[in-house]
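A.B. asks: First to last, the sequence lines map onto chains B and H. When you number the first sequence by this note's numbering, it's gap-free, plus one each residue, and the end is 569. When you number the second sequence by this note's numbering, it's gap-free, plus one each residue, and the end is 569.
Source of the hints: derived by calculation from the structure; they are not laboratory data. Careful: at least some of the hints might be erroneous.
Given that identical chains are not distinguished, each listed pair holds provided it fits within a single copy or across any two copies.
[Said to hold, decoys possible] Pairs of lysine-lysine residues, derived as DSSO-like cross-links and limited to a Cα-Cα distance of at most 27 Å, are as follows: (1) K395 with K434; (2) K535 with K434; (3) K385 with K294; (4) K294 with K523; (5) K462 with K294; (6) K385 with K543; (7) K543 with K523.
There are 2 protein chains.
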Amino acid sequence: MLSRYFPILIWSRSYDRQTLTSDLIAAVIVTIMLIPQSLAYALLAGLPPEIGLYASIAPLLIYAVFGTSRTLAVGPVAVASLMTAAAVGELAAQGTPEYLAAAITLAFLSGLMLTVMGLLRLGFLANFLSHPVISGFITASALIIAAGQFKNLTGVPVQGHTLLELVHSFWAHLNQFSLATSLLGASAIAFLYWARKYAKRSLAALGLNARLSDIGAKTAPILSIAATSLAVFALGLNHQGVAVVGVVPNVLPSLALPAFDIALWSELAMPALLISIVGYVETVSVAQTLAAKRRQRIEPDQELIGLGTANLGSALSGGFPVTGGFSRSVVNFEAGAQTPAAGAFTAIGIAFATLFLTPLLFFLPKATLGATIFVAVLSLVDLKTIRHTFAYSKADFAAMAATILLTLLAGVEIGILSGVGISLFLHLERTSKPHYAIVGRVPGTQHFRNILRHAVETDPKTLSIRIDESLYFPNARFLEDTINSSLAADQAIENVVLMCPAVNFIDASALESIEALNARLKDSGVRLHLSEVKGPVMDRLKRSELLGALGGNIYLSQNDAFEDLNGG
Amino acid sequence: MLSRYFPILIWSRSYDRQTLTSDLIAAVIVTIMLIPQSLAYALLAGLPPEIGLYASIAPLLIYAVFGTSRTLAVGPVAVASLMTAAAVGELAAQGTPEYLAAAITLAFLSGLMLTVMGLLRLGFLANFLSHPVISGFITASALIIAAGQFKNLTGVPVQGHTLLELVHSFWAHLNQFSLATSLLGASAIAFLYWARKYAKRSLAALGLNARLSDIGAKTAPILSIAATSLAVFALGLNHQGVAVVGVVPNVLPSLALPAFDIALWSELAMPALLISIVGYVETVSVAQTLAAKRRQRIEPDQELIGLGTANLGSALSGGFPVTGGFSRSVVNFEAGAQTPAAGAFTAIGIAFATLFLTPLLFFLPKATLGATIFVAVLSLVDLKTIRHTFAYSKADFAAMAATILLTLLAGVEIGILSGVGISLFLHLERTSKPHYAIVGRVPGTQHFRNILRHAVETDPKTLSIRIDESLYFPNARFLEDTINSSLAADQAIENVVLMCPAVNFIDASALESIEALNARLKDSGVRLHLSEVKGPVMDRLKRSELLGALGGNIYLSQNDAFEDLNGG
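Given the sequences, and given the hints that come with them, work out the whole structure.
C.D. replies: Listed below in structure tokens is the structure:
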């Protein structure tokens, strides 16, 4: 029981020296990768760089205690950072203490929501973000993030939360274009893109073994940071319009509860919920992918608690919302991490960097961080899924296209909410119209098939309907409508047989509909019969008054019904 | 095509003298019943009495043009009036022009929403009010309405929108108790209750035929109005603390568009939506019940337009939200109404009453109207359905109980919204966990059954799972979780067969889940196979990349899969 809520109790029991070695190596590699990402995503969220480092310490330590994935790496990620900037930007100006306080509160609320959802085992709620919607949302978010990076990459003070705002402000402030910044930014992008695509192969061609080539390629972001910082320092570019990170406080975060401000909480509740759900969906998806590769398993409901407590930890140590990151988790996995202890060691690495390496960041140009973000998010633009969804299902494509367009044009919150709304709408529409067939008997057999598809025997006085779905409130009225229309159209019908082999469940709404149908049919001189009702459904019906009031009979098989009514 | 949107074009073609006679008789009876109800429900909504009459003129004329039910009688009803009072009471004080303007705007918005939903054929959205929720909501509303009538019935100025507020203000103002009012109120309740229960039988015992006894019993409310008005006039009770209706303007409504006030519209949008949906559900349910008795049919989507335009008409002629009323529609039906023309004649009757009978209402005590409401709404309290739901389904009962409690304690809007929320929640929870079975072969047959229920043959290296549900986004993750857990628990498995005879549909989310599953299984050396995939599902899968990437095979039957994998 205890180990269900504290998965650390399971894996720590068999922790040995070999596991420790694997975890330590993975931690070093992830730390190297995480430092530039933490700084960059803090910048993306509109926060000071050290907040990105803070969000990469406590959450990793806490996830090691509560998380069920052996290899997930939590921390600041691109989409959650964009959503943070969008939500907090509504309430305060970047750089103010109110902005930082709102971002911390957002992490706190998100952590609270996720933890409570986990304790109540509400993970299934995340199912209602359909894949096309989440995929479209991430693609659109990536485009907005990439467009927003023109600020860091060119010096033009681009601003806004939608594509139109960004493009418009780019043109409006084009006079502030900085050539030095742009050259730095373009070089960094070119280098990072090359590193992502070809560095591993090139290093292997130079004779390094596969593992070392891989690690070498992973150091590209930190190399780009070092190289561009040196360039700025050597050429004095910070005096020629190149924005640099500047002084980063080299202290560890202090623990503090966010202020309880009911007005702020209620304004941030919806964004916190959206960040929680989007973050959770991504986290579970990454964690499940990696777990399956080693035939391990994760507990989706416990992952809510893991991610929730990680966010609470982030908030209490002055950080912003965190999520399980895809690329860093893959790096962690491939670097050989065996347990969440690797994450804890990474946290120690980041803490070390915060204490001792931050002075080195003074000359780090923001253009390099912008390039890091730009290259990272462009890999999130998923044209393949858009193409496949279009080929596979027009309804799903419509939901996806609407999500993309609304996210680009109206911002992340409206985009994701509309996506969820459209998914639910399409779901309700489909559910409310279950598949059904008017059936007749295949001559010479006891089989009953759709009269529209097969040459079958029917009795003009009997209407036999097979509903291929459980009967419950979304489709309760459909049944009434369907049978009423059939009866109004054919006045000869004296018997209606509801054939129920596919009905696994009849809820109170559907029961009431069937009772109402039965009463109405009685009034107009038609008898309602049931056939092939499953055992558990019949057990439940026995607790209702339907069986006593039923105008007709209950038949074990549709053939019994057909012979009895046809013969009688 | 035209007649789809104007059902009047259908029934008016065969309109003859006999139909006219039937409709006229029904109209007279409904008019007599509707006058006291219109006055009473205006009082309940916190509006001047003439507004109730206005809401019983234009809507009936318009419904006769656009409605598909032959016998539905629209007009002010109890629950919509309560919801109007709750919504408008938030924005303005009773008796002010702002209060009236808000009530009119509410009818306008509700009419607009219903009409647009009808044109877009969105009637299925109403399915998401499950029967237990709507039944619980109406029961709770009836209790609140009944409690609120103690104001009119005792003179104690009871106020509030929740049961606690009402009870509390009753005790707080008990010193204003009026004996004369209470005696009038109690007498009226006793008489109306007797009339509802026994008058028909007593009149029949006196020798009247069934039809006349029935009509006689229907005149009870108007008799109680006449008798108590006379009593007030004769005894001068209006000078002894008995509140009377007073001067009612004897003019017909003038037509006017409600002012376009964006702030007011946005505040009333949610209440308007709730009134629309609750009203529509009730309307369709009444209309369908009556139509089925004569084997006629209604068009649920056109009913949205019928009810919507009726509400627009109400708003343009200074009325408040209207709905298809249950009791008056039954009276209309039983009195022999053949077409919606009966409703139009009723409207003319009400217009006549407005012009010529309003002076007679001066001495009408509000206690009589309170008694009319009290007796009418107590019949809405549906303990039987509560009992049956409890016996039939605990989940449905929980939704119902929550709706009742929240409506009583937190008001109608929170009550109905919570009910919808709980229904959706339960629906999502159920949908996200479809029924599935791990199957094996029944020895000596080609049948595959649940290994938990039957003694079957299995192959330790093969996991065969039958999912009894279409695969789509709410349950996409469930499939992944289920198979991942099974594989993590049993390392010997080398083949997974997904048996799909019950899968009618695979959406893009589920496809992506299966693709991800396939990729993960491949990574861990397990092959994924499909069996018994239906034709339309297979056609669609051929448009995806799954079939090319599938680690295993596609088998026509589960038996083929079993023999191939077991033999190999």
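A.B. asks: The structure should be examined with respect to each hint, and the outcome stated for every one.
C.D. replies: Hints versus structure:
{"no.": "1", "hint": "K395 with K434", "in the structure": "both (18 Å within a copy, 26 Å between copies)"}
{"no.": "2", "hint": "K535 with K434", "in the structure": "both (22 Å within a copy, 19 Å between copies)"}
{"no.": "3", "hint": "K385 with K294", "in the structure": "within (23 Å within a copy, 55 Å between copies)"}
{"no.": "4", "hint": "K294 with K523", "in the structure": "between (60 Å within a copy, 9 Å between copies)"}
{"no.": "5", "hint": "K462 with K294", "in the structure": "between (59 Å within a copy, 18 Å between copies)"}
{"no.": "6", "hint": "K385 with K543", "in the structure": "between (52 Å within a copy, 17 Å between copies)"}
{"no.": "7", "hint": "K543 with K523", "in the structure": "within (20 Å within a copy, 48 Å between copies)"}
This entry satisfies every hint, going by the numbered hints stated previously.
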